[in-house]
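K.L.:
Sequence:
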Amino acid sequence: MHASFSAEKQQARIAALETEIREIQDRLGEDVDAEKIVARHIKLLHQYNEAKDAAQILIGKLANLKETTIRRIHEDYGLTDAD
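Using numbering that gives the first Met the number 0, read the sequence shown as starting at 0 and increasing by one per residue.
Check before you lean on any hint, since a few could be wrong.
Claimed, not checked - Here are the simulated SDA-like pairs of lysine to any residue, each with C-alpha atoms no more than 25 Å apart in a straight line:
hint: 1; residue 1: Lys65; residue 2: Ala54
hint: 2; residue 1: Lys60; residue 2: Gln46
hint: 3; residue 1: Lys42; residue 2: Asp75
hint: 4; residue 1: Lys51; residue 2: Asp75
hint: 5; residue 1: Lys65; residue 2: Lys42
hint: 6; residue 1: Lys65; residue 2: Gly77
hint: 7; residue 1: Lys51; residue 2: Ile41
hint: 8; residue 1: Lys8; residue 2: Arg21
hint: 9; residue 1: Lys8; residue 2: Thr18
hint: 10; residue 1: Lys42; residue 2: Thr18
hint: 11; residue 1: Lys51; residue 2: Thr67
hint: 12; residue 1: Lys51; residue 2: Ile72
hint: 13; residue 1: Lys51; residue 2: Val31
hint: 14; residue 1: Lys65; residue 2: Leu78
hint: 15; residue 1: Lys51; residue 2: Glu22
hint: 16; residue 1: Lys60; residue 2: Ala50
hint: 17; residue 1: Lys35; residue 2: Glu22
hint: 18; residue 1: Lys42; residue 2: Ala81
hint: 19; residue 1: Lys51; residue 2: Ile69
hint: 20; residue 1: Lys42; residue 2: Ala53
hint: 21; residue 1: Lys51; residue 2: His40
hint: 22; residue 1: Lys60; residue 2: Glu49
hint: 23; residue 1: Lys51; residue 2: Thr18
hint: 24; residue 1: Lys51; residue 2: Asp32
hint: 25; residue 1: Lys51; residue 2: Leu78
hint: 26; residue 1: Lys35; residue 2: Gln46
hint: 27; residue 1: Lys51; residue 2: Glu74
hint: 28; residue 1: Lys60; residue 2: Ile41
hint: 29; residue 1: Lys65; residue 2: Gln46
hint: 30; residue 1: Lys51; residue 2: Leu61
hint: 31; residue 1: Lys60; residue 2: Arg70
Hint data in this document are derived by calculation from the structure and do not stem from the laboratory.
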């Protein structure tokens, strides 16, 4: 069952959200486009993931050449699971 909100509560919630949006926009600056920030962030994440994937491939090849495990290569080079 959904809780029903009175029209006054809905209007109060809308006003609170609009105020929050204005405050965030003020912190960002007037000339800042949030969609551009998000798009740039996504692009940077893709670049990071591609670089990380490439590094993992190289670590795998190095492990193969050294006839050891990827975990051992990580340990030898001081890499953590987060690396």
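K.L.:
The structure should be examined with respect to each hint, and the outcome stated for every one.
P.N.:
Evaluation of the provided hints:
{"no.": "1", "hint": "Lys65 x Ala54", "in the structure": "holds, 16 Å"}
{"no.": "2", "hint": "Lys60 x Gln46", "in the structure": "holds, 21 Å"}
{"no.": "3", "hint": "Lys42 x Asp75", "in the structure": "violated, 32 Å"}
{"no.": "4", "hint": "Lys51 x Asp75", "in the structure": "holds, 18 Å"}
{"no.": "5", "hint": "Lys65 x Lys42", "in the structure": "violated, 35 Å"}
{"no.": "6", "hint": "Lys65 x Gly77", "in the structure": "holds, 17 Å"}
{"no.": "7", "hint": "Lys51 x Ile41", "in the structure": "holds, 15 Å"}
{"no.": "8", "hint": "Lys8 x Arg21", "in the structure": "holds, 20 Å"}
{"no.": "9", "hint": "Lys8 x Thr18", "in the structure": "holds, 15 Å"}
{"no.": "10", "hint": "Lys42 x Thr18", "in the structure": "violated, 30 Å"}
{"no.": "11", "hint": "Lys51 x Thr67", "in the structure": "holds, 20 Å"}
{"no.": "12", "hint": "Lys51 x Ile72", "in the structure": "holds, 15 Å"}
{"no.": "13", "hint": "Lys51 x Val31", "in the structure": "violated, 30 Å"}
{"no.": "14", "hint": "Lys65 x Leu78", "in the structure": "holds, 17 Å"}
{"no.": "15", "hint": "Lys51 x Glu22", "in the structure": "violated, 36 Å"}
{"no.": "16", "hint": "Lys60 x Ala50", "in the structure": "holds, 15 Å"}
{"no.": "17", "hint": "Lys35 x Glu22", "in the structure": "holds, 19 Å"}
{"no.": "18", "hint": "Lys42 x Ala81", "in the structure": "holds, 21 Å"}
{"no.": "19", "hint": "Lys51 x Ile69", "in the structure": "holds, 14 Å"}
{"no.": "20", "hint": "Lys42 x Ala53", "in the structure": "holds, 17 Å"}
{"no.": "21", "hint": "Lys51 x His40", "in the structure": "holds, 16 Å"}
{"no.": "22", "hint": "Lys60 x Glu49", "in the structure": "holds, 17 Å"}
{"no.": "23", "hint": "Lys51 x Thr18", "in the structure": "violated, 40 Å"}
{"no.": "24", "hint": "Lys51 x Asp32", "in the structure": "violated, 29 Å"}
{"no.": "25", "hint": "Lys51 x Leu78", "in the structure": "holds, 13 Å"}
{"no.": "26", "hint": "Lys35 x Gln46", "in the structure": "holds, 17 Å"}
{"no.": "27", "hint": "Lys51 x Glu74", "in the structure": "holds, 17 Å"}
{"no.": "28", "hint": "Lys60 x Ile41", "in the structure": "violated, 29 Å"}
{"no.": "29", "hint": "Lys65 x Gln46", "in the structure": "violated, 29 Å"}
{"no.": "30", "hint": "Lys51 x Leu61", "in the structure": "holds, 15 Å"}
{"no.": "31", "hint": "Lys60 x Arg70", "in the structure": "holds, 13 Å"}
Checked against the numbered hints given earlier, this structure breaks hints 3, 5, 10, 13, 15, 23, 24, 28 and 29; the rest are met.
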